[in-house]
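Peer 1: Full structure from sequences and hints, please.
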Amino acid sequence: RKEVEQDPGPFNVPEGATVAFNCTYSNSASQSFFWYRQDCRKEPKLLMSVYSSGNEDGRFTAQLNRASQYISLLIRDSKLSDSATYLCVVIGGGYNKLIFGAGTRLAVHP
Amino acid sequence: DTGVSQDPRHKITKRGQNVTFRCDPISEHNRLYWYRQTLGQGPEFLTYFQNEAQLEKSRLLSDRFSAERPKGSFSTLEIQRTEQGDSAMYLCASSLMTGGVETQYFGPGTRLLVL
Chain F
1 RKEVEQDPGP
11 FNVPEGATVA
21 FNCTYSNSAS
31 QSFFWYRQDC
41 RKEPKLLMSV
51 YSSGNEDGRF
61 TAQLNRASQY
71 ISLLIRDSKL
81 SDSATYLCVV
91 IGGGYNKLIF
101 GAGTRLAVHP
Chain E
111 DTGVSQDPRH
121 KITKRGQNVT
131 FRCDPISEHN
141 RLYWYRQTLG
151 QGPEFLTYFQ
161 NEAQLEKSRL
171 LSDRFSAERP
181 KGSFSTLEIQ
191 RTEQGDSAMY
201 LCASSLMTGG
211 VETQYFGPGT
221 RLLVL
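Chains as they are written, first to last, in my numbering: chain F, 1 to 110; chain E, 111 to 225.
Hints are not guaranteed to be accurate.
[Unchecked claim] Straight-line distance between alpha carbons at most 25 Å, and here's what the computed PhoX-like set of lysine-lysine pairs gives:
{"no.": "1", "chain 1": "E", "residue 1": "167", "chain 2": "F", "residue 2": "2"}
{"no.": "2", "chain 1": "F", "residue 1": "97", "chain 2": "E", "residue 2": "167"}
{"no.": "3", "chain 1": "E", "residue 1": "124", "chain 2": "E", "residue 2": "181"}
No lab work stands behind these hints, which were simulated from the structure alone.
Peer 2: Structure, rendered in structure tokens:
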């Protein structure tokens, strides 16, 4: 079983739609959680950290459920520019190395 | 540009050849990581440096791979006797721990194709 699992998608949504991505992780000792965004043939870029209390950054909301070992990302009012791959990331212990899921592809169409 | 830089951006080589990649981290970042990403997958951790010390290596890093960070600044990743399975994007990230929080910033990557 992979340490971080995500639905690969693709999610094809119209502009203005709300879309949610889910992610599960296997290491219950994981302490830090993130969502990264990766555009085609580019490097990953930090979108937001995920906190136990949930956090929001504009149109983006991230939630963490430690009991279920589950992380989510909600994007409201989707824009064409949101089209990318969204990577769920966990710090799995040992020198803060990032453990990535395989990513969920989002395509927002007009 | 004060971000993480990597060189070269692309490399095509024949099987059996050696290749070396360079990463220049953000100035004053003491932590440096190498990751590898294949098509359709997320990046996978390869190795980690704190200053010049290599503190962790993944089992993905076979004997053909070696990484150095001689002066605690730039780092190199060398692959000897390349194989077709080495074809991937090699990503470098650097970070600085501030107030207990660490954010890793990635370079643009080196895309390797082994023929």
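Peer 1: Each hint: holds or not?
Peer 2: Now for the hints, and whether the structure bears them out:
no., hint, result
1, E:167 to F:2, "19 Å, holds"
2, F:97 to E:167, "10 Å, holds"
3, E:124 to E:181, "31 Å, violated"
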